[in-house]
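S.K.: Dock the two chains into a complex; use the hints.
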Amino acid sequence: MSLILRLAWPAAVLLAVGCSSPGRMAPEPPPAPSAPPDSALREAPTPEPPEQRLRGDLALGGDDPARGLFERAWSEFETDPETAFSIAERALKISSNKMAGYLNYARMLERAGRIADALQFARRALAFTEDEALRDRVQRGWIDRLSR
Amino acid sequence: MLRFLLRLSLPLLIACGFGIAWLDAQVQERFAGERWQLPSRIHARALEIHDGARIARPGLLRELKALGYRSRAGAPSPGTYSEPGAGLIIHTRGFEFPTGAEPARRIGIRWPGRDSAGIELSGAALVRLEPLTVGQIFPAHGEDRILLRLQDVPPLLIQGLLAVEDRDFHEHYGLSWRGIARASLVNLLAMRIVQGGSTLTQQLVKNLFLSQEQSLWRKGLEALMAVTLELRHGKEDILETYINAVFFAQQGRRAIHGFPLAAEYFTGSRLDQLAPEQIALLVGMVKAPSAYNPFRNPGAALRRRNVVLDVWEQNGLITPQQHAAYRARSLNTAEGARTGSLNFPHWRALIHRQLMRDYSPEELVSSGLRIFTSLDPQVQWQAEASLSAVLDRLEKGYPRAEQLQGAVVVSSVEGGEILALVGDRKPHYAGFNRALDARRPIGSLIKPVTYLAALEDGRRLGEVLQDEALTLPLDDGTVWSPRNFDGEFRGPVLLHEALYRSLNLPSLRLALDVGIDRLVQRLADLGVDPEEIPAVPALALGAISLSPIEVAELYGTIASGGFALPQRAILSVVDARGELLKRNPLRNHQVAAPDTMRLLQWALLQVANQGTARNLNLPKDTILAKTGTTNDFRDSWFVGISAEHVGVVWVGRDDNQSTSLSGSAGAMQIWGHLFRRLGIRPARLIAGGEIEFVWLKREDGLLSRRRCRDVVRLPQLRGARTERSPLPCR
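Chain order of the listed sequences is A and B. So in this note's numbering, spot 142 of the first sequence is number 142, and the numbers just go up one at a time. So in this note's numbering, spot 305 of the second sequence is number 305, and the numbers just go up one at a time.
These aren't lab readings, by the way, just hints derived from the structure by calculation. Misleading hints may appear alongside valid ones.
Covered by chain B, according to a simulated footprint, are these stretches of chain A (three or more residues, beta-carbon under 8 Å) [claimed, not checked]: (1) 58-70; (2) 85-96; (3) 111-124; (4) 128-136.
Okay, the calculated beta carbon distance ranges per label pair [claimed, not checked]: (5) B/Arg587 with A/Gly61: 23 to 33 Å; (6) A/Gly61 with B/Asn615: 32 to 42 Å; (7) A/Ser147 with B/Arg587: 15 to 25 Å; (8) B/Pro530 with A/Asp136: 51 to 61 Å; (9) B/Pro726 with A/Asp136: 32 to 42 Å.
Okay, derived cross-link-like pairs now, SDA-like style, lysine to any residue, Cα gap no bigger than 20 Å in a straight line [what the hints assert, rightly or not]: (10) B/Lys582 with A/Asp80; (11) A/Lys93 with B/Gly52; (12) A/Lys93 with B/Pro566; (13) A/Lys98 with B/Pro682; (14) A/Lys93 with B/Arg583; (15) B/Lys582 with B/Ile570; (16) A/Lys98 with B/Arg54; (17) A/Lys98 with B/Asn615; (18) A/Lys93 with B/Asp310; (19) A/Lys98 with B/Gln590; (20) A/Lys93 with B/Ala125; (21) A/Lys93 with B/Pro98; (22) B/Lys287 with B/Val186; (23) B/Lys235 with B/Arg149; (24) B/Lys287 with B/Asp310.
Note that beta-carbon positions come from the ideal geometry of N, C-alpha and C, so glycine has one too.
Isolated chain B (complex conformation) (with noise of 0.2 Å):
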């Protein structure tokens, strides 16, 4: 019988040797290398607070929202705000940049009346808000989390974690047989299961590699396991891996992880900035997240709460009074603090594109990587809100103007950033993104560069042009015969003029004096793709499709005064440590003379005073515009570019059919909407330049004088050769 079971053991040892190699094992891949799959969080920029700053009430107040902040009176801790009088006072949570900590700050904020003064800030010089995330890009389990490292984590959670969860951590191998009689002997009398006798080690184990089922053989395992990582690993890992790991909830197909991420989550605050009470919720959340969630089941939530109180002060972490005055704090969470991220499908759309040229699908999903991007979200609510609302209006109030769709991009003029980008009248439609993909020809758009190529070869803003009809013959034996908008032949017009009316006739011809091929250079030059530019006499109405943005990097040349400025939507990409992987840094490249675009800046300002954009019915001086439309009012266009922003809109129809809109009467008006809501400082030209004034004769462009009758006064380079009017001066 001795030698029969002998026998038997022998294989089952074996066997059991070979199972325990084989789930630590498990533990040992699990373990080695990178443990987690962090998902890539898109930050929006970062407010810049200062004095000076033009910084909209409105605008801050939705931002801090979103941020997740609550309104306190005095904004006593930081994630709040307050409103006191016509100030605000805000408690920054701080943020750790690429380039720095910024720290957690209260700071003062006044505005002083007039929108052009700026604000006053009080408590600091400069202050960085935290940036918005908006978006994320998940592996396919969803998981997300927020690591942070053993010594980061406030001593109350980790002492207050191990007081409920497993008061032996520190004593034990993995199992707790004290904890495992206790929870027996609780259950016995109880005559249910009401307490488990698991160690945080055990926890964590089911919580990595084991199922949720109750039975002997998952204990089993859970156990051996338990083992097997005590022996491999230390105490503080564990514990690190443990906070980290651990679910908390499921938001839509994000599932909530660690108490890192759970506690800006649910109170939308950061977790060393918790106060105890959170923390205190937090550890209750352990035992049962979805039963003690405070949005769904607030009184389990502040019940189980008051029990975790109730150990910490029974095992001496928190004195009677604390106890006391942290059992009568509500729960103290706010809702909806921390969504995730904000619902802007475009903007992450260009930014994965952007993306996925540098780094692999499985990077992206795993690596943890932030990527600090241009998106302003303030721009972006408004462009959003403005090609909706102006959409419906126009399709109200034109018979047949109707399914129409637009896209907006706004960037900065000073560095080229993308700062809000829309590619739908829906903007939470995750659909075609027109603002990226929808290449349309950009009619008068293009002839900017026309009279750019004409003044750099010596052309002046005052000579005369004949606005009189011109048949071109073309390669297939056909001829083209281009007309103006409304039809008309003016004769002779001053260049500036053909340019701010958007004449077509005067602008050919001068696009043929200057050269097809020249044009295409100059596009070129001035950002936009050689490949696309077709080198046809067309192309000086516009016959050469492009996207909005790429419209937007074109214009952005002509907005710093000949700089081109590569169009930069991510500023840079940092790892989950913080290292800096890639920077985007700001690019100037000079490819026009400041004096030749001071001019074409000075001639795009006549065409918001006098011309196609009169009707924005601005101060005289304030934008560089430029209308476009297409042939049929298939594609309304317009640009309008003040101190601070370039703004391209286009209104069209996926069908390609008329829209029955001009540029002034479509694109404009939704130009006009978003900006009157932003503010609008007025433009600055280049400065600089060998530029005079001089008054000439309109009938011939001829120099004349101030008193005399039909004169205007224009820029040209100084000592461009002009004769003396021979017209009488009255």
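Just chain A, with the same shape it has in the complex (with noise of 0.2 Å):
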């Protein structure tokens, strides 16, 4: 018993880093393949896997000036965090998509270990949208995770 408890101890950090290695600004997810009508009768539609969710809610549009500011945040982010974040905080001010912007700052944290901070960030984040759908998906995917 005690072996399997040793063992699944590194097995739960690694999944955990692996689900949350590339969750940088990362391209919009490609659009999950539509189901023939009949099929979705037949069985539920698959659910979008959750890295492809935080991978969206994380993605700045093409013109949106902050952009290259997350990227270069990013690619601080392992050598000099503080850095990082400074970039990061300048990039928030710009950004023409706050809500992915407030994300990608959360993310950082989360990233960083700041959970409780990074749970203000996605908090913050969700301010920023009436879209019902974004904000349930903000609230589960973000918020609830946080929270836990």
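M.R.: What follows is the structure in structure tokens.
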């Protein structure tokens, strides 16, 4: 039993790290293939994988002036987190997609292990969108997850 | 005789040895460790320029001029701009920010026509203009300099300086016999002193350790110290020190030292961006900084520059063609380009006060700290102008309004950054800073906190409150009978109406229902120091004294939709080497639920739509607003919140006498003047929340229909129970 527990702990950490590693400002996820109508009646639609949802939340538009800055912030993050946060804050100010901007910042805080701060930024992100589907996704994919 | 001389020489030799050791110690003490006392520099925010950015052309031009940019056709070099047609070309200088270097770039800006569309940028996707220096904290001697490593100094400056000042620099050991012989011959032929024989090392020693006195004793000391310096230190170290040390000019208390700062002071450009003839000008000034000061003696400076260019050509540093071309050019200086710092004394006071918490006075005057702040000069200039202009107008328009004073604080909605702060109607007068230190009763500015607490208790914007007389017994045995601003009683009023009309009696009743202790708690949650909150019923009508900057923090939480944002002025501090010492990051902390905050924000929109701020005559739903007036019109307050800005204005008198101005007649006029010029983007309410709009009968606040008479459409929490009104529809 203790051997299983010993193995389970590193496995859980590896899984968590593996899930979160590509969470930088990634391109928009490819559109999910649409299933033919009759098959939809027979089986439940495949839910969007959590990782793709995360990437979608973080993605800024190509014309967003903050995009390049967030990319720089993420590239600095491993070597110099303080500089990365400074750059990200500058990006936040000019971003035209505040929700994605705040989620990027929340993601950085999460990666830095500052979960309580990350939760506050995820909540702030929610304040910028009226879109019910998006709000629901941020609530479940971010706020509920970070609150656990 | 010989024995006597030998006896005498021994003590002399010992004395000389001690003397040289003492001189050596002097030199070593100065050259070891921190060689310079560097003043701290306070920077404003750096303007971000990108497609869609809302940047006003007049404000940008003013900022460029304050940065020392010169108008030149085509903006050919860093630090220049041109105005072709309606657009603008800017050649930025670049800047070393704590997060990395911003290169010099040539960009084009167009204004497509509509303010809301923002600018169109070409030449780059995102550019950061270098920040203005808005203050410096000097050591007592007033020396100012920008340190540069030798490898960052343009080679032409090094070669050109040595060609003119010390051709044998790399050969001698502090003294140049060849130079002394040459100077002696020239002086003998001229029968007066026309040339010095001092090496660069001697000049450095004289600058750092000795007086300007012309005497053999001083010359002797200079020679000994120069040799000592050369024996102990390398040529590169001496040259670098010289380039950073040499004196150029005096500007009031500030002494301009070193080539890097002189470049900015005289030409408005960085040293690495100077044209060759500008370098020649600075090299020429070394001989006699005052006589060849291009601002005071441009003719002499031009002649001296040309002499330097002649020497350069003779030494092969420039070709004959270049020599001719550079000689033909004007001095190319920019008087007033870099005045050192702009005169924002109240802002500097805020920064200084915050810095003193973390740094000693000694560190501030000597460590060369660079302090990056959130000050937006364009907002600051306008805030100063609006406060001054409107107070003048009010004093003329209201017979009893005299000796008015005021304060303005503008902060950002999103990040809680303080963008402007004015603490006196004479903005350049560094006296009492009312924005920071004038704690005055805030009157009705407190009411939104009561209403927030009530909404959190499940109260509705559409429920009925009683606007009737109220008498409260006080602890001292007296009774308190507050009145409305107009002395009227309206009977039943809807809750949101009581807020937008700023009615005292219904608001007090509501506060008593909510509980004064709870009101105290919510005020603390929203950012007010708990020690400043008196837990008495009069608190509900504003019996709490806050400064304008504290009010900005309180309303910043409302503006952000319930996120407490500590107000920030210092964003980061770096040391002289550019290493980050401190960062003051954005912090959010949610202190109110989004749906109740959204209801409150909606009610505050009504203040400007139909309430006490309606005379601003803004389009519907443009700003969240609240007016405040205290007893006998002693204080006139206004807070207005747009999409970007929280603007707090206070007007009053220093002797606490009546101004005869209400919040809307006084402070609101300043806010309107200011923000009409800055541009107002409509406020955004916090998104989401379980909110629904319902039609309610005004008379009883119960559900009705749209087509019925005397109904009002109000938001409420989805599912909030409301009975249907029994009153007839028509």
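S.K.: Mind listing which of the numbered hints don't hold for this structure, in increasing order?
M.R.: 8, 17, 18
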